[in-house]
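Number of protein chains: 2
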Amino acid sequence: MNLLLLEDADFIAANRARLEGRRLKHLHEVHRAEAGDTLRVGRLGGSMGQGHLLRLDADMAELEVTLDQPPPAKLPLTLLLALPRPKMLRRVLQTVAAMGVPRLVLLNSYRVEKSFWQTPFLEPEAIREQLILGLEQARDTRLPDVLIEKRFKPFVEDRLPALAADTLGLVGHPGDFPACPRAVERPVTLAIGPEGGWIPYEVEKLQAAGLQPVQLGERILRVETAVTALLARLF
Amino acid sequence: MNLLLLEDADFIAANRARLEGRRLKHLHEVHRAEAGDTLRVGRLGGSMGQGHLLRLDADMAELEVTLDQPPPAKLPLTLLLALPRPKMLRRVLQTVAAMGVPRLVLLNSYRVEKSFWQTPFLEPEAIREQLILGLEQARDTRLPDVLIEKRFKPFVEDRLPALAADTLGLVGHPGDFPACPRAVERPVTLAIGPEGGWIPYEVEKLQAAGLQPVQLGERILRVETAVTALLARLF
Chain W
1 MNLLLLEDAD FIAANRARLE GRRLKHLHEV HRAEAGDTLR VGRLGGSMGQ GHLLRLDADM
61 AELEVTLDQP PPAKLPLTLL LALPRPKMLR RVLQTVAAMG VPRLVLLNSY RVEKSFWQTP
121 FLEPEAIREQ LILGLEQARD TRLPDVLIEK RFKPFVEDRL PALAADTLGL VGHPGDFPAC
181 PRAVERPVTL AIGPEGGWIP YEVEKLQAAG LQPVQLGERI LRVETAVTAL LARLF
Chain S
1 MNLLLLEDAD FIAANRARLE GRRLKHLHEV HRAEAGDTLR VGRLGGSMGQ GHLLRLDADM
61 AELEVTLDQP PPAKLPLTLL LALPRPKMLR RVLQTVAAMG VPRLVLLNSY RVEKSFWQTP
121 FLEPEAIREQ LILGLEQARD TRLPDVLIEK RFKPFVEDRL PALAADTLGL VGHPGDFPAC
181 PRAVERPVTL AIGPEGGWIP YEVEKLQAAG LQPVQLGERI LRVETAVTAL LARLF
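Chains as they are written, first to last, in UniProt numbering: chain W, 1 to 235; chain S, 1 to 235.
Next comes chain W alone, as it looks inside the complex (with noise of 0.2 Å):
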């Protein structure tokens, strides 16, 4: 946790913030903080800077806060991912926020298992929960987008070319593609594969849907490594 991250129910004042649970228990354990120590806070949705620890005992921390600094800014970009099995997703959901991911799709694929979706780490509060960390970690204060897009036809069909216009739409893809380009300019839309990868068909309709294939070498990265990686060498 490198920013205290704040949410409105925590404020007592528009300047003073109370915390019990995970954060408090990570005041203790981790930072191993105390009364009087200036800690980096954010507001979630909203900016960062200083609290001043007015209190801090078993059950609650109280702080005084500024907050007059702006959080990062996201990157240009629309994430499409199949959905990654139920372990990784909950990995990957922190690995987007905290790389500045503004919007992301989890999108249905062949090689996705049906089982996946039933995973509960799919609940909007287990999402929240997985991006917060990430925020938390990168010291960011902006909750990525995520929306479910279980149908892969329509969403591809209907919404993606919306979706895409006006950005370069680009498809990871192993095989005989042009390298994925270096240091874009401009709003990226980019779609990532399931484990053993898009297939052909796939393929197709998000090239009509106007994103192009991609690679990124022979070597096979797993869905969080690949994402991390893209990311790196696009922006």
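Read the hints as simulated data drawn from the structure, not as lab findings.
As the list makes no split between identical chains, a pair holds if one copy fits it or if it spans any two.
Below are the DSSO-like pairs computed for lysine-lysine, each with C-alpha atoms no more than 30 Å apart in a straight line:
| # | residue 1 | residue 2 |
| --- | --- | --- |
| 1 | LYS205 | LYS87 |
| 2 | LYS74 | LYS87 |
| 3 | LYS114 | LYS25 |
| 4 | LYS150 | LYS87 |
| 5 | LYS74 | LYS150 |
| 6 | LYS153 | LYS74 |
| 7 | LYS153 | LYS114 |
| 8 | LYS87 | LYS25 |
| 9 | LYS74 | LYS205 |
| 10 | LYS87 | LYS153 |
| 11 | LYS205 | LYS114 |
| 12 | LYS150 | LYS205 |
| 13 | LYS153 | LYS205 |
Based on these hints, arrange chain S on the given structure of chain W.
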């Protein structure tokens, strides 16, 4: 497991291998393989190719293998990493092997907790196990060399200058430093700090050994994510 990695002890003839244990279980439960199937295989430290499953039952698999393709190229890189916490260490070892790092130095730093050096995950067999998972993921056969350096100063003063000679030496470090370069065409020595970063004394020592600080932006990334992001940008 995108590559079935065979070890010398698995071979019962020049082109025939037998498997038990984890890999056999994986063939049954994940690949749902059957006798007659053809699989991608590699020989640890050697070539890659095809394996024809002659026999597959509950106790044993037997394959006829043709190894006629070279493994993918490694990155021209020596990676120095402040020892991560044990859980992260395991994932980082997989990532390092998957990304094609040929040489990893696990190094002490002021902000590495002493207890991290006690983990059983630093045993040679435990390290090897994680590296092999990374090779299987990425389809590579060659294990990275892993050096363990428990003392920062003697390593950085006495050995690092020779290791870093004739390479582009870089230290990943947040702050007012040049951005990490992109698409470099020469060998690199890259040092990545612990959670919380190198202390100024360590940065000075690394600079004296020929490594220049570079940064990746204001977001603080987990070690595993930072490794992937820096390598994807550099190469």
